[in-house]
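Trainee: Going line by line, the protein sequences match chains F and V.
Everything in the first sequence is counted per this note's numbering, starting at 291 for the first residue and increasing by one.
Everything in the second sequence is counted per this note's numbering, starting at 360 for the first residue and increasing by one.
Just so you know, these hints were derived from the structure itself, not from any lab.
Every value quoted in this text rests on a predicted model; they were computed, and no experiment measured them.
Quick reminder that beta carbons are idealized off the backbone N, C-alpha and C, glycines included.
One or more hints might be untrue.
Unchecked claim - Result set (SDA-like, lysine to any residue): computed pairs, CA atoms no more than 20 Å apart in a straight line:
| id | chain 1 | residue 1 | chain 2 | residue 2 |
| --- | --- | --- | --- | --- |
| 1 | V | K627 | F | L426 |
| 2 | F | K428 | V | G616 |
| 3 | V | K627 | F | P425 |
| 4 | V | K627 | F | S437 |
| 5 | V | K627 | V | F573 |
| 6 | F | K428 | V | G580 |
| 7 | F | K444 | V | D625 |
| 8 | F | K428 | V | L626 |
| 9 | V | K627 | F | E431 |
| 10 | F | K428 | V | P536 |
| 11 | F | K428 | F | T441 |
| 12 | V | K627 | F | D379 |
| 13 | V | K480 | F | E579 |
| 14 | F | K428 | V | D620 |
| 15 | F | K428 | V | A624 |
| 16 | F | K428 | V | G623 |
| 17 | F | K428 | V | A637 |
| 18 | V | K627 | F | L430 |
| 19 | V | K480 | V | N577 |
| 20 | F | K428 | V | K480 |
| 21 | F | K444 | V | V621 |
| 22 | V | K627 | V | A637 |
| 23 | F | K428 | F | D376 |
As the list claims (entries may be wrong) - Only some residues are given here: those of chain V computed to face chain F with a beta carbon under 7 Å:
| id | residue |
| --- | --- |
| 24 | I458 |
| 25 | G462 |
| 26 | F466 |
| 27 | A624 |
| 28 | L626 |
What the hints assert, rightly or not - Calculated Cβ distances over 12 Å to all of chain V for the following chain F residues:
| id | residue |
| --- | --- |
| 29 | L306 |
| 30 | R307 |
| 31 | A308 |
| 32 | P327 |
| 33 | Q329 |
| 34 | F331 |
| 35 | A384 |
| 36 | P387 |
| 37 | L414 |
| 38 | F461 |
| 39 | R484 |
| 40 | Y558 |
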Amino acid sequence: MNNVTASLAADRTRQLRAAPTVLLAVAAVAAPFYFAPFQVFQLTMVLLYAVALAGLNLLVGFGGQISLGHGAFFAAGAYSTAVMLDRYDTGHLATLPVAAAGCFLLGLGFGVPALRLRGLYLALVTLSFAVFLPPLLKRLEPVTGGSMGLTVDKMQPPAWSGLAEDQWMYFVVLAVASAALLLARNLLRSRVGRALRAVRDNEGAAEVMGVRLSLHKTLAFAWSAMFAGVAGCLYTWVIGFVSPDSFSFVLSITLLAGLVVGGLASLYGPLLGAAFVMYVPSVSQDLSEAAPGVVFGLLIITVMFVAPTGLAGLPGRVLGAVGRRLPRTTAIPDRTPEAASAPDAEPRPTAAPGFSPTPAPADPAVADAEPVGAPPRTTEKE
Amino acid sequence: MSAVTELLQQVVEGLGSGAVYASLALALVLIHRFTGIVNFAQGELAMLSTYVAWQLVASGMPFWLALPVTLAVSFAGGMLVERIVIRPVQGAPELTVVIVTVGLFIFVNALAGLIWSFTVKDFPQPFPDGGIDLAGVRTDWSTLGILGVVAVVMGLLYLLFQHTSVGLTMRAVACNPASARLSGIRVGRVLMLGWGLAATVGAVSGVLVAPVLFLEPNMMGGVLIYAFAAATLGGFDSPVGAVVGGVFVGVAETLTGAYVDVIGADLKVGVPLMIILAVLLVRPQGLFGRAAVERA
Chain F
291 MNNVTASLAA DRTRQLRAAP TVLLAVAAVA APFYFAPFQV FQLTMVLLYA VALAGLNLLV
351 GFGGQISLGH GAFFAAGAYS TAVMLDRYDT GHLATLPVAA AGCFLLGLGF GVPALRLRGL
411 YLALVTLSFA VFLPPLLKRL EPVTGGSMGL TVDKMQPPAW SGLAEDQWMY FVVLAVASAA
471 LLLARNLLRS RVGRALRAVR DNEGAAEVMG VRLSLHKTLA FAWSAMFAGV AGCLYTWVIG
531 FVSPDSFSFV LSITLLAGLV VGGLASLYGP LLGAAFVMYV PSVSQDLSEA APGVVFGLLI
591 ITVMFVAPTG LAGLPGRVLG AVGRRLPRTT AIPDRTPEAA SAPDAEPRPT AAPGFSPTPA
651 PADPAVADAE PVGAPPRTTE KE
Chain V
360 MSAVTELLQQ VVEGLGSGAV YASLALALVL IHRFTGIVNF AQGELAMLST YVAWQLVASG
420 MPFWLALPVT LAVSFAGGML VERIVIRPVQ GAPELTVVIV TVGLFIFVNA LAGLIWSFTV
480 KDFPQPFPDG GIDLAGVRTD WSTLGILGVV AVVMGLLYLL FQHTSVGLTM RAVACNPASA
540 RLSGIRVGRV LMLGWGLAAT VGAVSGVLVA PVLFLEPNMM GGVLIYAFAA ATLGGFDSPV
600 GAVVGGVFVG VAETLTGAYV DVIGADLKVG VPLMIILAVL LVRPQGLFGR AAVERA
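One chain only, chain V, in its complex shape (with noise of 0.2 Å):
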């Protein structure tokens, strides 16, 4: 196998981690568009979900028809936390509402270990074995399947957002919570649908995810931070930006993997921590993102 060869394998393998990194900084991007919040318990909930999907396929159920009743479960789910959770201190300083969320990540991922145990489970792969080669590269299909449900994902929630009245609304929302307000939007609901789509988007890079990290109570700590990079990166006000990102951290995380010998498979988790110093450092509003402006 030639170098390049063997490069784009890597870039191939990137990518499709990315994937499922973009898909959860979606996640954190819509509740921060809407809210202002970031969410610590974003990966928990999307463990949550995983594991409402395994409990599902492990009863019976087939794959395909198991991933949308989750999806539906992990809305309902997301909406029900902004409610209880977040409204009640929604405007609160950003300290109460990141503790908050750190309350919930702990109890999130506290109540799976009880309801589920912390064994490592066995996580169903949804797509068949096997792959193309294409020029000595070769893509899993479970790669390509990754990539193309994220890619459906986003595609749904762009026709969502810029060509339904819903979305108008939501569009609405997240630019000025008060003036929406004034013109008759019922923006606590709008919040509320708002959490409902990003836990929607989550669940699917949990159940993306587990085939490959096995299911765990602690699976989505790790694939956490890389989303927090990926956001920071693309801008935590951007969707576009956190795609963007999200396969940019994969890539960057597999190739300095790979070709980096002093971080190797061990000290991956390093990147991520640079890329967020890199870019506060250098582009605070990351590379889509619109500075803030603040009036003292």
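Extracted from the complex, chain F is given alone in its bound form (with noise of 0.2 Å):
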């Protein structure tokens, strides 16, 4: 009896839990029939900066690796998409898996120092990497154009499709987009991703359950570096130019700057923050050009102090608060991503109600929010 409600009530949970993807889905693909050509092209650009966001929160929110040199890879994955195209005339399809694969063994070359490099000094070397690279850019003349940059072919849309030029990229965009997202998703929901979270959360028990710290390290950068490098990709298909100066290290702040805004370790974290990255410049560019910057700095701060989840846990954690009022439990705000991350993706059926140690939110509404307020390190239940 107590079974067949739990289980209908987890049909319903489900069921609502898809309804925004599906509402997402049907007004992505709307989108560019609806808006104007600059607006599906900056549209275009939040789904490809939603695909570098989404790799660094691999490594950042689940994996809680510091990483100030994103912007680096995404730099690789565009310059070699762009001398691709540009010296051998590959054509835009094949220079996706050379762009994945390389930036995939680059993050690779990286993890292997990053495994003695906790924290700060990880920061460290990234951010250096990230100052170190235009300069190399330009100093690589002959292969990347120097401080001229390269200009490239952008994709056209083929003639059967009857699309404009930003719609057709849109469409590019959004179906890489969409399998690199789910990609992730499907990553943090196997084996790796329980593991990452595992040692993300305590290290030595992580390792004394069997959880193999350096392979998992390593991979996680090298994941993490192989999706920046896939929007880096996307990046040359849609602009058609690639510059030095437009991968100064300010690039991986930024994107840091807006996974930390979107939210630390969930899954709409990377759209939202993307869409920050996208519009926040351009919207506040008017007023000053300090202005993005300055939006950007108080923001983080901000986030850190009352809402490490970000944009993407607020609704959760604000249902969480007023159900937390009702039985009037001490709610002890948790400042740290750590604590407070982990929207526990996986809502299984058996783990409904009466699981969790604090009252279960049993109203479906509440539970389909990212539970996220919730207690701070649930056991992962196999």
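Both chains are sitting in their own frames, so use the hints and assemble them into the complex.
Mentor: Below you can see the structure in the form of structure tokens.
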């Protein structure tokens, strides 16, 4: 009896969970026919940044490692694509797997020293790499075109599609981004994802339980770099131009900022963060050149203080706070992304009611929101 | 000019920039000693202080009066930053703290651009032109001045830490905050003091480097990387190490830029990256640092 209600509730929960995804998908497909070309271009850029942020999220949000140099992997992806198009005339589609594989290997190379570098030091090394890359690109002029950069063909829509260039680009990026985000999601729900979170929350405990630290930390870096590389490849397809100054270390810092504001360790965080990376500069740039930085800087600090789960976690936190207020338990605000993060992405039927150590919200609408306000470290049950 | 003189000339120039790196590295190390935080915004705070100095000089104040005023403002500013921005995340995981200081970095950088615009400003050279020739090696007064100022700052810090009661409480807090608190030290105030001192030392580096690099909001970005390398090389918990590391990085940078053709002037910024990587792989605690022993 109890089981039946439980599984019914779980079914409803699942449907409710799927609803926003379906709405989002419909809106995403309809958007390019509704908006003006420039707006479609902006949406394309949002999707492209979302891919990079999803990768960064794997590393920072779920892996607990800090990278201030992801702009460099983005640049590597963009440049490898541009060089292939410019020198070898390979056609656009062939560049994607090369950029992805190349950045995966590059990330693997960086992941090995990253093993020995905890937190701060990793941030230092990645930051100095990001600072070093633009002058290096300028130096390698015969290949990269130096400070003038490279201009390559944008992707053109095939005749059968009947779409304009911006619309075609949008759909291509949408397809790649969807695949990438799906891959990230599934990766996190697999052994790899669980191992990563275990390492983040307690290295010692994870190791004792049989997680190979070195393997998973290195792989996290590699996967993460691969996503950034794919985003860079898409960037070249869309913009058709790369130059060293587009990939200064400001890009790396902006990516991290966007991810933090969007929501660390959440599924929708990268999308929201990407919207921020795209729109905050373009909206506030009208005010002054410095306005985006002021807004971003203040937002990052504020988010870390009051809502470490970012925008994506906000509804869950608000609902969680309301829920906690009712049974009169003391709500200690978690300041740490680690503690308050990890929207337990697997609402398995068995885990629905009576499992959570705190009074679980029985209302499916509450359960539907990312339950981030939930207890810090729930054990992963298999 | 013989090869040896030329080499010595390069070394002298390296010493000049090394002193600047040493000063910013010292600021980083101070904060790391007290709070275990690496302050990514340290360079930007120094840049902000430099703008204060520039504003004072531009409004007619003589440089040597503007300098102490700037240092006082930086000291107060550093204390405020600790109280408002850092205190709330004290004890939070490293990731949170790093992200907050990165946020501060972005904010301060943009704030300077908002107030003073992004156009490059000429900063007055406080030291007289010319220099002294010694066996064919020319040392500018400005280089000597920078070395002198940094040496004075080190001396004052040494006196403060080793020979005053404030310094003693500060060392107690750096050594063991919990015990310090139990013996009646107001740890919060000491931490504010530490950040104030660090901001002051950082400000010195900013003011010294501004005449060379010209003043603009992104001025300290590169210097910060060198200071990171210096602090890593010396060991993040060793003030002496920061100074030695700074001087070493400065000389290494100049020599590589001058003698290694593959690197050249444009790729010099790769030098700190190599130094950081090499130190972390070979001797992670740095030359003068103590290895962290962890209890699992």
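Trainee: Now tell me if each hint is right for this structure.
Mentor: Hint check:
Under the criterion of a C-alpha separation no larger than 20 Å, the hint pairing K627 of chain V with L426 of chain F is consistent with the structure, at around 10 Å. This hinted pair checks out: K428 of chain F and G616 of chain V have alpha carbons roughly 16 Å apart, not beyond 20 Å. For the proposed pair K627 of chain V and P425 of chain F, the alpha carbon gap of about 9 Å is at most 20 Å, so the pair holds. As the CA atoms of K627 of chain V and S437 of chain F are separated by approximately 17 Å, the hinted pair is consistent with the 20 Å bound.
Among the hinted pairs, K627 of chain V with F573 of chain V is consistent with the structure: their alpha-carbon atoms are about 19 Å apart, no more than 20 Å. A C-alpha spacing of about 19 Å is found between K428 of chain F and G580 of chain V, which places the hinted pair at or below 20 Å, so the restraint holds. The hinted pair formed by K444 of chain F and D625 of chain V fails the criterion: a straight-line CA distance of about 31 Å is larger than 20 Å. Our distance criterion of 20 Å between C-alpha atoms is met by K428 of chain F and L626 of chain V, whose separation comes to about 9 Å.
At most 20 Å may separate the alpha-carbon atoms for a hinted pair to count; K627 of chain V and E431 of chain F meet this at roughly 17 Å. Annotation: proposed proximity of K428 of chain F to P536 of chain V is violated, straight-line Cα distance about 48 Å (limit 20 Å). Straight-line distance between C-alpha atoms of K428 of chain F and T441 of chain F comes to about 15 Å, which keeps the hinted pair within the 20 Å bound. The hinted pair formed by K627 of chain V and D379 of chain F fails the criterion: a straight-line CA distance of about 34 Å is larger than 20 Å.
This hinted pair checks out: K480 of chain V and E579 of chain F have alpha carbons roughly 17 Å apart, not beyond 20 Å. Under the criterion of a C-alpha separation no larger than 20 Å, the hint pairing K428 of chain F with D620 of chain V is consistent with the structure, at around 15 Å. Taking the CA atoms of K428 of chain F and A624 of chain V, the gap is near 12 Å; set against the 20 Å cutoff, the hint holds. As the CA atoms of K428 of chain F and G623 of chain V are separated by approximately 13 Å, the hinted pair is consistent with the 20 Å bound.
A hinted pair counts as satisfied when its Cα atoms are at most 20 Å apart, and K428 of chain F with A637 of chain V does not qualify at roughly 25 Å. Between the alpha carbons of K627 of chain V and L430 of chain F the distance comes to roughly 15 Å, so the proposed pair stays at or under 20 Å and holds. Proposed proximity of K480 of chain V and N577 of chain V is supported: the alpha carbons are some 12 Å apart, at most 20 Å. A distance of roughly 26 Å separates the Cα atoms of K428 of chain F and K480 of chain V; the hinted pair therefore is violated under the 20 Å criterion.
This hinted pair does not check out: K444 of chain F and V621 of chain V have alpha carbons roughly 34 Å apart, beyond 20 Å. Among the hinted pairs, K627 of chain V with A637 of chain V is consistent with the structure: their alpha-carbon atoms are about 16 Å apart, no more than 20 Å. Between the alpha carbons of K428 of chain F and D376 of chain F the distance comes to roughly 16 Å, so the proposed pair stays at or under 20 Å and holds. About 6 Å separates the beta-carbon of I458 of chain V from the nearest beta-carbon of chain F, less than 7 Å, and the hint is met.
With 7 Å as the threshold, the beta carbon of G462 of chain V comes within range of chain F, its nearest partner Cβ sitting at about 3 Å, so the hint holds. The beta carbon of F466 of chain V is positioned within 7 Å of a beta carbon in chain F (closest approach about 2 Å), and the interface hint is therefore held. Given the 7 Å rule on beta carbons, the hint for A624 of chain V is violated: about 10 Å separates it from the nearest Cβ of chain F. With 7 Å as the threshold, the beta carbon of L626 of chain V comes within range of chain F, its nearest partner Cβ sitting at about 6 Å, so the hint holds.
Against chain V, the non-interface label of L306 of chain F holds: every CB pair exceeds 12 Å, the least being about 32 Å. At roughly 28 Å, the least C-beta separation between R307 of chain F and chain V is larger than 12 Å, which holds for a residue marked as non-interface. No Cβ of chain V approaches the Cβ of A308 of chain F within 12 Å, the least distance being about 32 Å, so the stated non-interface status holds. Every CB of chain V lies more than 12 Å from the CB of P327 of chain F, the least distance being 30 Å, so the non-interface label holds.
A cut-off of 12 Å between C-beta atoms confirms that Q329 of chain F is not in contact with chain V; the least separation is 26 Å. Here F331 of chain F stays apart from chain V, with its beta-carbon at least about 25 Å from theirs, past the 12 Å limit. With a minimum CB-CB distance of about 31 Å to chain V, A384 of chain F clears the 12 Å threshold, and the non-interface call stands. Taking the minimum C-beta to C-beta distance to chain V, about 29 Å, the non-interface status of P387 of chain F holds against the 12 Å cut.
A cut-off of 12 Å between C-beta atoms contradicts the statement that L414 of chain F is not in contact with chain V; the least separation is 5 Å. Every beta carbon of chain V lies more than 12 Å from that of F461 of chain F, the smallest distance being close to 34 Å; the non-interface claim holds. With a cut of 12 Å on Cβ distances, R484 of chain F stays outside the contact zone with chain V, its closest approach being about 19 Å. Every CB of chain V lies more than 12 Å from the CB of Y558 of chain F, the least distance being 19 Å, so the non-interface label holds.
Consistency note: the structure conflicts with the earlier hints numbered 7, 10, 12, 17, 20, 21, 27, 37.
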